[in-house]
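J.: Okay, here's what each chain looks like letter by letter:
Protein chains: 2
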Amino acid sequence: MTTDVAILSALRQTPTGGISGAALSAQLGISRAAIWARIQEMRRLGYEIEASPHSGYRLLRVPDVFHGDDLLARLAQPRVIGRQIRVFKETTSTNDVVEKMALDGVAEGVVVIAESQTKGRGRLSRRWESSAGKGLWLSVLLRPSIAPQAATQVTIGAAVSVVRAIRQVTGVEADIKWPNDVQVQGRKLCGILTELTAEVDRVRFLILGLGLNMNQQPQDFPPEVRKLASSLAIESGEPVDRPNLAARLLEELEHDYARIRRGDFEEVATEWERCCSTLGKAVRIQMGDRVIQGRAESLDGEGALILRTTHGNLERILGGDVTVLK
Amino acid sequence: MTTDVAILSALRQTPTGGISGAALSAQLGISRAAIWARIQEMRRLGYEIEASPHSGYRLLRVPDVFHGDDLLARLAQPRVIGRQIRVFKETTSTNDVVEKMALDGVAEGVVVIAESQTKGRGRLSRRWESSAGKGLWLSVLLRPSIAPQAATQVTIGAAVSVVRAIRQVTGVEADIKWPNDVQVQGRKLCGILTELTAEVDRVRFLILGLGLNMNQQPQDFPPEVRKLASSLAIESGEPVDRPNLAARLLEELEHDYARIRRGDFEEVATEWERCCSTLGKAVRIQMGDRVIQGRAESLDGEGALILRTTHGNLERILGGDVTVLK
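From first to last, the protein sequence lines stand for chains G and B.
Quick note: the first sequence uses the numbering used here, first residue 2, plus one each step.
Quick note: the second sequence uses the numbering used here, first residue 2, plus one each step.
Don't take each hint at face value.
When chains are identical, the list treats them as one kind, so a pair holds in a single copy or across two.
[Said to hold, decoys possible] In the SDA-like style, the derived pairs of lysine to any residue whose C-alpha atoms are separated by at most 25 Å in a straight line are:
{"no.": "1", "residue 1": "K178", "residue 2": "A234"}
{"no.": "2", "residue 1": "K178", "residue 2": "R203"}
{"no.": "3", "residue 1": "K101", "residue 2": "A230"}
{"no.": "4", "residue 1": "K101", "residue 2": "I318"}
{"no.": "5", "residue 1": "K101", "residue 2": "E91"}
Read the hints as simulated data drawn from the structure, not as lab findings.
Kindly generate the complete structure, drawing on both the sequences and the hints.
T.: The following block contains the structure:
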């Protein structure tokens, strides 16, 4: 734990009262001068920290930026997801950064967040708009002991994590469109892109990438997606505390990833089915050149969609573009 | 096509007679001086090329090294696999080199060969002995439009390519041990490691890695694998023409990859079943912590092994360590 994490964590544990420099110094085993220097640095980053002779240090307001140490200070320990958090002001794509780290042998759980991405992408290498300071663009490195076809479980788990985190922090009730979109009334809030590197029978590493729209207003979206995209600020009518939601999301992801590792995917799938607006609907699914229509019936043990086709057969669908038919 | 490829290709097309500098110059549209300079360079690489005033240039002998241009000159064009061939004297692992190229966006079909690998690996990151100048350590970058679980098809296709190439060049009749070993009487000649990077429902790229033992003698293998490994020289009693076999193998891989892309995996699977010494046998399969016993019955449409367990159930096995029981 770095000094900043320790200081922020201590300040958060005394939200109303305040803590004296002497008490902080004793608690963390760092000199009062060193604490003062770090506090000054945090103030430069936009943290409003009161220092009064009476009540000591108090954290009044945090800036609307992601700060790795501050996120770490908000998370329960020990943990896998978010063991290490790296924040970039700008990068090509957080998935690309994590991929390089994975090839260098970095342990699972590292989280990469960018304030903006120049080459954010969704499924099938589609462009993903990731405007600076308005959303959360995040990727996690995972190294689960699973076969490649079980990777869908991680996407499914992440979708329910996102729905829960959104509900807890903003009250917005979102639903899931199979396989990887979180939406409100058909307008997309969050996309999930799971990429994996594997041998034929086991995953070497997996990158869970998430793009979550938070504080965009309609004019922040390119005209062509304005009807299809939304943000939490649009849906809830007020700006979102981005670091708070990011920390909540990391806690929920930790919870669902633990369930999957324990073999409790069944439990995750049940929750997913409750949140899913695709099941029970007549759908058209485009998979490359192939189009298939039918009724979305259920999810199987590996996270595939079971479709009852118009010919009455059951088909197992791993991925594709779903349109819900009226 | 480089000048060297053109010259070597022309020399090979006149194996007995020889071709004059003037004829070569006219045929290739390069000056006689430039041809002479390239011939001198090839001689430095170990090529014996006769230059006589009567019969012109004649290719007498090629060195026992891999030379990208020489391999290209032996291959039918146009093609996918071996469109570009890069040879390294030494590298960590040819799969690693191809992975970096893949991430840089290189097109499918590039082949990387190394005379020796310092970190050659087999399945599950096991060490693979790849002594200098004795075998063929080769990786191919492929970008097929398939789902991750269909990647086994490529491993299966490569195994039959290896069996055919070996038979044609050396006469050795090898068989296949599911899923990825080519062997003679239980001693391994060739291992195949297929690694992939994918989204949940489609492969982004796939790396086919092959290690083929050619000219090793028993003392070239570490003592612990001496009973389990063999080479073509040991099995056939004579040294193998390594570049010749490498070129033959690239042709066979091209053939099988084309069959898979056309959707004719069925055909590949039938050939594989004929070559496979695992089918019909009682086997024990170790998959991580799990051990399962039964009779290896067949291959399914995705290349998985269908096992009839001792309890009579059918199980679908994607990968594992197979021991054939007596």
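J.: Which numbered hints are broken by the structure, listed smallest first?
T.: 3, 4
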